[in-house]
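Peer 1: The chain contents come next:
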Amino acid sequence: MADASTGRELLRAEHIAKNYGQVTALTDINLRIDRGEVLGLLGDNGAGKSTLMKIFTGFVKPSSGQLHFDGKPVELSSVSHARSLGIEAVYQDLALINELNVYRNMFLQREPVKGRFLGILDDKKMRAAAIEQLDRMGVRIPSVDVPVAKLSGGQRQGIAVARSVYQKARLLLLDEPTAAMGAKESALILDVIQRLKDEGEMGIIIIAHNYAQIFDVCDRVNLVEGGRIVFDKKTSETSVEELTDMVVREYREARRSVQAG
Amino acid sequence: MSQSLDTRSSPGATPGEGPDATRQASPAWRRLARLALRQREVSIFLAGVLLVLYFQFSNSAFLSTDNLANLVQFSATTAIIAAGEVFVLVSGELDLSVGMVYALTPFVMFFAAGAGLPVGLAVIVGLLAAGAVGLVNGVVTTVLGLPAFVTTLGTLFLVNGLTLTISGGFPVQPTASGTFTSLFGASPLAELGWAVLLALVLQFVLNKTRWGLHTIGTGGNPVGAAEVGIKVRLIKTGNFVLCAALGGFAGVLDAFRIGSIDPLAGGNDIMFAAMAAAVIGGTLLTGGSGTVIGALLGAAVLGILKDGFTLLGVSAYTFDMILGAAILVTMAINVRLSIWRDQGEG
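First to last, the protein sequences are chains Z and G. So for the first sequence, the working numbering puts the first residue at 5; every next one is plus one. So for the second sequence, the working numbering puts the first residue at -11; every next one is plus one.
Source of the hints: derived by calculation from the structure; they are not laboratory data. There may be inaccurate statements among the hints.
[What the hints assert, rightly or not] Taking lysine-lysine pairs in the DSS-like style, the calculated list, with each CA pair at most 30 Å apart, reads: (1) G:K196 to Z:K58; (2) G:K196 to Z:K128; (3) G:K196 to Z:K238.
[Stated by the list, open to error] Label-pair ranges, simulated between beta-carbon atoms: (4) Z:D48 to G:A120: 20 to 30 Å; (5) G:G217 to Z:H72: 51 to 61 Å; (6) G:N195 to Z:G142: 28 to 38 Å; (7) Z:Q96 to G:F260: 39 to 49 Å; (8) G:F137 to Z:D74: 45 to 55 Å; (9) G:A120 to Z:Q171: 33 to 43 Å; (10) Z:K118 to G:G104: 41 to 51 Å.
[What the hints assert, rightly or not] Quick look at which bits of chain G chain Z covers, simulated, 3 or more residues with Cβ under 8 Å: (11) 108 to 116; (12) 201 to 211; (13) 236 to 246.
C-beta: ideal position from N, C-alpha, C; glycine also.
Using the sequences and the hints given, assemble the complete structure.
Peer 2: Right under this line is the structure:
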């Protein structure tokens, strides 16, 4: 059983804890994700989701605990170290430059250039590669020549995801990909995630607190509460209703403790 | 012809009429406005052409060779400084000290030449000194985290004081061979050549190179740019250095043109003129967007205004009022146009 599954395992977190001085952000996180798997990481604001994401991207170092990537123990020293392993993150702000067109955004900081130290941009190459990548991923936009400011939230998210995937991402972290988006826009981005999942090689962690939207695309959901994973089930073995019950119970407990205090 | 005149007059009228009037505007006005939006340089170019026509009709001496040479003197060095200011503005900062660097650099060059360096090398030493001021501006702003307004206000006074101290407050005369002198500014054609060449090269740098792209990224979305790994501090500092070096170079050109190095030359007047040229030309003070060619045209328009009104016998005091009004009107139109663009295509 263990041998059969280690071949598919992409990332495993063991007893990850993180303190900021007196404040404990994460108590004891145990989590794993396989290749081709989509994991929904759910939890209330302040449950520790963002801290966990920052640990996975190498932005923050855990106070204790061990990460394993590709079956080997790793210590992520920086964001670029994590990136070199194929861990890419799409933050909520998307890190897109409004004034720049789509293809220049897609290659920002990894631009193909001509003329060596002169650094003359190879626009032709960027444009062609951007069109191909967006098309392959099913991100539909009117044109790659328009500034990204002109695109909708879903399209912008699609471009940010395509940018990460193009960098040969093996583990993709999506921070609230459908936050503040309408149903149509969310469908667009969920469709992109579904396609990546069907390719079967990339692990995807979706961080969200609106689980109803992302439930269908996930293989498994984990619920973070008080710096621990308190719930870990395959989506086929749970339901939105069960999750709602858990969250409501959590909310009632929180209220009770506030009233008691 | 009458149609294009109509379209010229309508943007002046729009600010008072509100967005509804703009939305119902005629298709021809829309087409031209769209062109002016996509190529921000177009509107300032049209304004320049109209001003030239007006002044030529008012005084036939306007397009004479002598007066065109005057016009170059009014505009060329301002345009060079404006090009540097565009890079700093696009990266999301601003530089108030560049006019003082313009005054300092020729003195450094003069003293380097006096110490026995050949004049070409002395110019380079001057530019290095200018770049050093830019480096201080950049490091203080990005590492210590002071707003650029404060940093460059500080270096403005510092550099001015330094110039007055090393010069003792008196002007000096630069010495160089005749060819060198005319190549470095004394000939109006050479001065025009420098301004146009630098504008073309720097426009290319801004739009077609990695440096330019990262400058736009840094000013457009500093947090996002840092997240994708752009070295935001390095980009900003580099642009402060570029701006200061261009300011120094403009100072050297004017020193050779005038044949005298004046510790009180340039200063805040030329810095504000350059800033105005950049802004009128279509560069945003908020960062992320700008055009060097636009700044060149902006400097030309300011030069045309100043020269034209001088020919018409308008006093310098009146000119300042007209300049102020021109800046306000252009900027009001610019703001209107960008709101209209967001509504029209968003």
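Peer 1: Does each hint fit the structure? Answer for all of them.
Peer 2: Going through the hints against the structure:
1. At most 30 Å may separate the alpha-carbon atoms for a hinted pair to count; K196 of chain G and K58 of chain Z exceed this at roughly 34 Å.
2. Straight-line distance between C-alpha atoms of K196 of chain G and K128 of chain Z comes to about 12 Å, which keeps the hinted pair within the 30 Å bound.
3. Note on K196 of chain G and K238 of chain Z: the hinted pairing is violated, with a Cα-Cα distance of about 49 Å set against a maximum of 30 Å.
4. As the Cβ distance of D48 of chain Z to A120 of chain G is approximately 53 Å, the hint placing it in 20 to 30 Å is violated.
5. As the Cβ distance of G217 of chain G to H72 of chain Z is approximately 26 Å, the hint placing it in 51 to 61 Å is violated.
6. For the hinted restraint 28 to 38 Å between N195 of chain G and G142 of chain Z, the CB-CB distance of approximately 31 Å keeps it satisfied.
7. Range check, Q96 of chain Z to F260 of chain G: about 40 Å between beta-carbon atoms, so the 39 to 49 Å window is met.
8. As the Cβ distance of F137 of chain G to D74 of chain Z is approximately 50 Å, the hint placing it in 45 to 55 Å holds.
9. About 38 Å separates the C-beta atoms of A120 of chain G and Q171 of chain Z, a value consistent with the hinted range of 33 to 43 Å.
10. In this structure the hint that K118 of chain Z and G104 of chain G lie 41 to 51 Å apart at CB holds, the actual value being about 43 Å.
11. Proximity of the stretch 108 to 116 of chain G to chain Z, defined as three or more residues with a beta carbon under 8 Å from a beta carbon of that chain, is not established by the 0 residues found.
12. Beta-carbon proximity to chain Z at under 8 Å applies to 7 residues in the stretch 201 to 211 of chain G; the threshold of 3 is reached and the given coverage holds.
13. With a cut-off of 8 Å between beta carbons, the stretch 236 to 246 of chain G has 0 residues touching chain Z; three or more are needed, and the interface restraint is violated.
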